[in-house]
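With chain A held as given, fit chain B onto it using these hints.
There are 2 protein chains.
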Amino acid sequence: MSRPQSPEPALNVQGASSIGPGDEDAADGTQHSHRMLSFSDALLSIIATVMILPVTHTDISPEQEFDKSIQKLLATRIAVYLMTFLIVTVAWAAHTRLFQVVGKIDDTLALLNLACMMTITFLPFTFSLMVTFPDVPLGIFLFCMCVIAIGAVQALIVGYAFHFPHLLNPQIQRSAHQALYKRHILRIILHGPALCFAAAGFSLFFYPASYLLMATVIFLPYVSKAASWCRGRLVGPREPPAHSLEFFTFDLHGPLSKERVEAFSDGVYAIVATLLILDICEDNVPDPKDVREKFSGSLVAALSESGPHFLAYFGSFATVGLLWFAHHSLFLHVRKATQPMGLLNTLSLAFVGGLPLAYQQTSAFAQQPHDELERVRVSCAIIFFASIFQFAIWTTALLQEGETLQPSARFGGQEHAFMFAKLALYPCASLLAFASTCILTRFSTAIFHLMQIAVPFAFLLLRLLVRLALAILRALPHLALRPAPTRPAPGGPRDDTCSLLLPAPC
Amino acid sequence: MSRPQSPEPALNVQGASSIGPGDEDAADGTQHSHRMLSFSDALLSIIATVMILPVTHTDISPEQEFDKSIQKLLATRIAVYLMTFLIVTVAWAAHTRLFQVVGKIDDTLALLNLACMMTITFLPFTFSLMVTFPDVPLGIFLFCMCVIAIGAVQALIVGYAFHFPHLLNPQIQRSAHQALYKRHILRIILHGPALCFAAAGFSLFFYPASYLLMATVIFLPYVSKAASWCRGRLVGPREPPAHSLEFFTFDLHGPLSKERVEAFSDGVYAIVATLLILDICEDNVPDPKDVREKFSGSLVAALSESGPHFLAYFGSFATVGLLWFAHHSLFLHVRKATQPMGLLNTLSLAFVGGLPLAYQQTSAFAQQPHDELERVRVSCAIIFFASIFQFAIWTTALLQEGETLQPSARFGGQEHAFMFAKLALYPCASLLAFASTCILTRFSTAIFHLMQIAVPFAFLLLRLLVRLALAILRALPHLALRPAPTRPAPGGPRDDTCSLLLPAPC
Chain A
1 MSRPQSPEPA
11 LNVQGASSIG
21 PGDEDAADGT
31 QHSHRMLSFS
41 DALLSIIATV
51 MILPVTHTDI
61 SPEQEFDKSI
71 QKLLATRIAV
81 YLMTFLIVTV
91 AWAAHTRLFQ
101 VVGKIDDTLA
111 LLNLACMMTI
121 TFLPFTFSLM
131 VTFPDVPLGI
141 FLFCMCVIAI
151 GAVQALIVGY
161 AFHFPHLLNP
171 QIQRSAHQAL
181 YKRHILRIIL
191 HGPALCFAAA
201 GFSLFFYPAS
211 YLLMATVIFL
221 PYVSKAASWC
231 RGRLVGPREP
241 PAHSLEFFTF
251 DLHGPLSKER
261 VEAFSDGVYA
271 IVATLLILDI
281 CEDNVPDPKD
291 VREKFSGSLV
301 AALSESGPHF
311 LAYFGSFATV
321 GLLWFAHHSL
331 FLHVRKATQP
341 MGLLNTLSLA
351 FVGGLPLAYQ
361 QTSAFAQQPH
371 DELERVRVSC
381 AIIFFASIFQ
391 FAIWTTALLQ
401 EGETLQPSAR
411 FGGQEHAFMF
421 AKLALYPCAS
431 LLAFASTCIL
441 TRFSTAIFHL
451 MQIAVPFAFL
461 LLRLLVRLAL
471 AILRALPHLA
481 LRPAPTRPAP
491 GGPRDDTCSL
501 LLPAPC
Chain B
1 MSRPQSPEPA
11 LNVQGASSIG
21 PGDEDAADGT
31 QHSHRMLSFS
41 DALLSIIATV
51 MILPVTHTDI
61 SPEQEFDKSI
71 QKLLATRIAV
81 YLMTFLIVTV
91 AWAAHTRLFQ
101 VVGKIDDTLA
111 LLNLACMMTI
121 TFLPFTFSLM
131 VTFPDVPLGI
141 FLFCMCVIAI
151 GAVQALIVGY
161 AFHFPHLLNP
171 QIQRSAHQAL
181 YKRHILRIIL
191 HGPALCFAAA
201 GFSLFFYPAS
211 YLLMATVIFL
221 PYVSKAASWC
231 RGRLVGPREP
241 PAHSLEFFTF
251 DLHGPLSKER
261 VEAFSDGVYA
271 IVATLLILDI
281 CEDNVPDPKD
291 VREKFSGSLV
301 AALSESGPHF
311 LAYFGSFATV
321 GLLWFAHHSL
331 FLHVRKATQP
341 MGLLNTLSLA
351 FVGGLPLAYQ
361 QTSAFAQQPH
371 DELERVRVSC
381 AIIFFASIFQ
391 FAIWTTALLQ
401 EGETLQPSAR
411 FGGQEHAFMF
421 AKLALYPCAS
431 LLAFASTCIL
441 TRFSTAIFHL
451 MQIAVPFAFL
461 LLRLLVRLAL
471 AILRALPHLA
481 LRPAPTRPAP
491 GGPRDDTCSL
501 LLPAPC
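Note that the protein sequences, when read in sequence, are chains A and B.
Residue numbering for the first sequence follows UniProt numbering, starting at 1 and increasing by one per position.
Residue numbering for the second sequence follows UniProt numbering, starting at 1 and increasing by one per position.
In isolation and in its complexed conformation, chain A is listed as follows:
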């Protein structure tokens, strides 16, 4: 067992938890928490993403103009989606922290966790109420009640775990300062519910104040993280207070567990990829009567009517799949996901969740060619933001590369240039497509579809190019020890090329 201790001992390795007769924790009623955490991650990522469905299901009939009322409905639903996404990621981060402290579970904790999940699933409904009735305080009151209930259940979990210390993370179990840890984790968990308690009070007589407090609960974690990161960049890392040095060998503000970040991201990508097929199955199976009357019984003719939908579907699936592929390649080289990286990942995922909207936009071309330009631009923008935040994760990781990246992905490492090309491909392609629509306005749809088809091939070519470059390198042995020469992304930006030219420090 020469492997260094992982920073999150709470994350029990799956294989070790079940195989082999030596593993008999089950005998004392405790269980490794790995599977419960994966299940929670899956639930939370699906809840975060699924609220995009009402947005994409907003029916805009062909005769209807894209008028005020439709715009308001769409804006409402997008607001619900974004608020749900952000609050669920806040809840997810708190959940991650909580189960860094609680290392094992028993049946009671598993049931409490289910209760917590059930309350979280109710949050999107309160948002729907809030945005449909912005001047009725009931929505915000229910929201606050939910957050308080979640906080109460999580506090129960903490209380239970500290009452039976064998459930705690071994590091805390051995520590002499359990009470301090308990207070610390409770403060993290009850921060939001306390604010919501105040908000619930305000909602009864002066509800605008509760909206303000709610915004604090949702956005404060992001703002404070971003601020502390900027400060860290400008001034240098903050000195930890003395008592923390003394007591908190186990850092609750440290990086999120990489496995849980991956699991949450996978959930989002998987649900986004599969939401698309649902639309295809519900909307594109022609009506038997229509086929008989309009197409004189020819199913092929009826289906070719909705040809653009299938094209859009495959394009969208390819986009989601390849963004997942880039994410997967990136995190393969990541050792540790720091807080700013987690924040950027959340932002990227929020836009990935918006991709079904892009799909709906592109498949609507067939019906409404008159505003296709706006639709192509919206799609390009969504893809651009989803991918540029992925790229930002990578540049942020490079700032602390010794800590966050595997050697091969660092400046001058073997995979550095290839990684750069992979992550730069989508931002460049979508930016290029957006720019071209400004010049070649008439061909915007064609440009967009061209991009959707070209990028997967570019990914395949990328690999071949790298193979070719490596083969050339091998043929020129005097160059073999220098880093791979710049293999730029097709059409990739040059602002980061200096990094590609640095000698290998590893």
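I should point out that these hints are in silico values taken from the structure, not numbers from a laboratory.
Among the clues, some could well be false.
Heads up, the list lumps identical chains together, so a pair's fine if it works in one copy or across two of them.
Claimed, not checked - No farther apart than 25 Å at their CA atoms in a straight line, the calculated lysine to any residue pairs in the SDA-like style are these:
no.	residue 1	residue 2
1	Lys289	Leu73
2	Lys72	Asp279
3	Lys225	Arg97
4	Lys294	Glu305
5	Lys294	Leu204
6	Lys182	Phe197
7	Lys225	Leu98
8	Lys336	Arg233
9	Lys225	Leu73
10	Lys72	Ala209
11	Lys294	Val131
12	Lys225	Leu212
Below, chain B alone, put in the same frame as chain A:
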């Protein structure tokens, strides 16, 4: 590293794949496949389950009777759901086998796997076409093309992996009979596509034959598994042929990887739990105009209209959550998932996927009280089948307990009785509810809701009862070495009590 070698070396333990500077496989372009497999499991489980949505979204307006056309529509959609579920689980099992052979991946394999997933997501659409136009051969032709495409991509993966043997499972890598393994896995993978090729041919001139062949592709794996298991039970395990003893130390017909069974099941439970909130958010936010006109501006009054929906939602979420909990507890004690257990798990999941239908049934009470009896019975039946198949997994595991279960869960083990009670709770409760509706027809809704509320408490009480019993045991030290006395499930069946009374053989 004293842990015995897991039967599936292809399954790389997550924690080990990424943390620690020693892990630099990435340098030669290969990657551990764990995360890609989890992502595939998530995708496949969502595709398998999501086709229940069109079933639940079948609109039955209050004035409409439950007439022939509605019945036909519902039956059609349920058929699509079941066919999708079964074919996706077949594809999933083939995928599991494939990545037992291919131990590591590189970028090309990851992209090929994405292509394979994209083709699988298209299968539900072909089913929709088939059931909407049963006498047009286009649907079945497209289905066959999809299966052939999936087979082609999987064969490509196999070919690629055997061309670069460092990607193979280490056991096969070392073997002198790689060509034999290759032929063997190709036969497993291309079995379905070959049948579909024939079916595609038939679809052009005599399509009923293609339906027959398609049914073979979907059901044969289940039928043959069930048959071979029954034969194994009756006659004893089949003698493996001589050459297999000689060559195949690595058994491709062996148990499925437990981790992947868990991941797939988690995906199904998670998506089912969250589909429910989507309905709540789309249907139960009252219209601002209605609130003004019907309820004189009182949102609370408008919401209390849809009170039964919220009750049904919480009841459904609790049911899904607790079924997951029972599954989780069961697999915690499972060492190895044999093929019959995998088959029973699939059947259980198919009914779990039907739970949103139960939710929709119960929430429809409010509108259509006249056929509530049928609806309650359908719901009870779905819950009963979902849970009885879970129970069957457990009894099947007990038949080969030495191989499949942890010692504490075997006959006479510490957790045996508790496990039994946990798994028997839902079948008994739903059966009881069903029976009561036959006698107390008028109170069927009340009975159903009572069950939904009572069961979660029963789960909590179960734990307390066991605690109490253990405390009593500790107080009576002369009894401490004997197995725990029968702690029957509240209202549980007695047919299995003999097992509880057997002395501990471990």
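Do the hints match the structure? See the list:
Within a single copy, Lys289 and Leu73 get their C-alpha atoms only as close as 32 Å, which misses the 25 Å cut-off; across copies the closest is 14 Å, which meets it. Taking the shortest alpha-carbon separations for Lys72 and Asp279, both the intra-copy value of 23 Å and the inter-copy value of 21 Å come in at or below 25 Å. In the homo-oligomer, the alpha carbons of Lys225 and Arg97 lie at most 25 Å apart inside one protomer (15 Å), although the nearest pairing across protomers, at 44 Å, exceeds that limit. In this assembly of identical chains, Lys294 and Glu305 lie within 25 Å of each other by CA distance solely inside one copy; the values are 11 Å within and 43 Å between copies.
Within a single copy, Lys294 and Leu204 get their C-alpha atoms only as close as 58 Å, which misses the 25 Å cut-off; across copies the closest is 24 Å, which meets it. Taking the shortest alpha-carbon separations for Lys182 and Phe197, only the intra-copy value of 21 Å comes in at or below 25 Å, while the best inter-copy value is 63 Å. Proximity of Lys225 and Leu98 under a CA criterion of 25 Å is satisfied intra-copy only: 18 Å inside one chain copy versus 43 Å between copies. For the homomeric pair Lys336 and Arg233, the shortest alpha-carbon distance inside one copy (18 Å) is at most 25 Å, but the shortest distance between copies (50 Å) is not.
When the C-alpha separation of Lys225 and Leu73 is checked against a cutoff of 25 Å, the pair qualifies neither within a copy, at 32 Å, nor between copies, at 52 Å. Within a single copy, Lys72 and Ala209 get their C-alpha atoms as close as 24 Å, which meets the 25 Å cut-off; across copies the closest is 53 Å, which misses it. Taking identical chains as interchangeable, the C-alpha atoms of Lys294 and Val131 lie at most 25 Å apart only when they sit on different chains, with a minimum of 20 Å there against 42 Å within one chain. Taking the closest pair of Cα atoms, Lys225 and Leu212 come within 25 Å of each other only inside a single copy of the chain (19 Å); across copies the shortest separation is 60 Å, beyond that limit.
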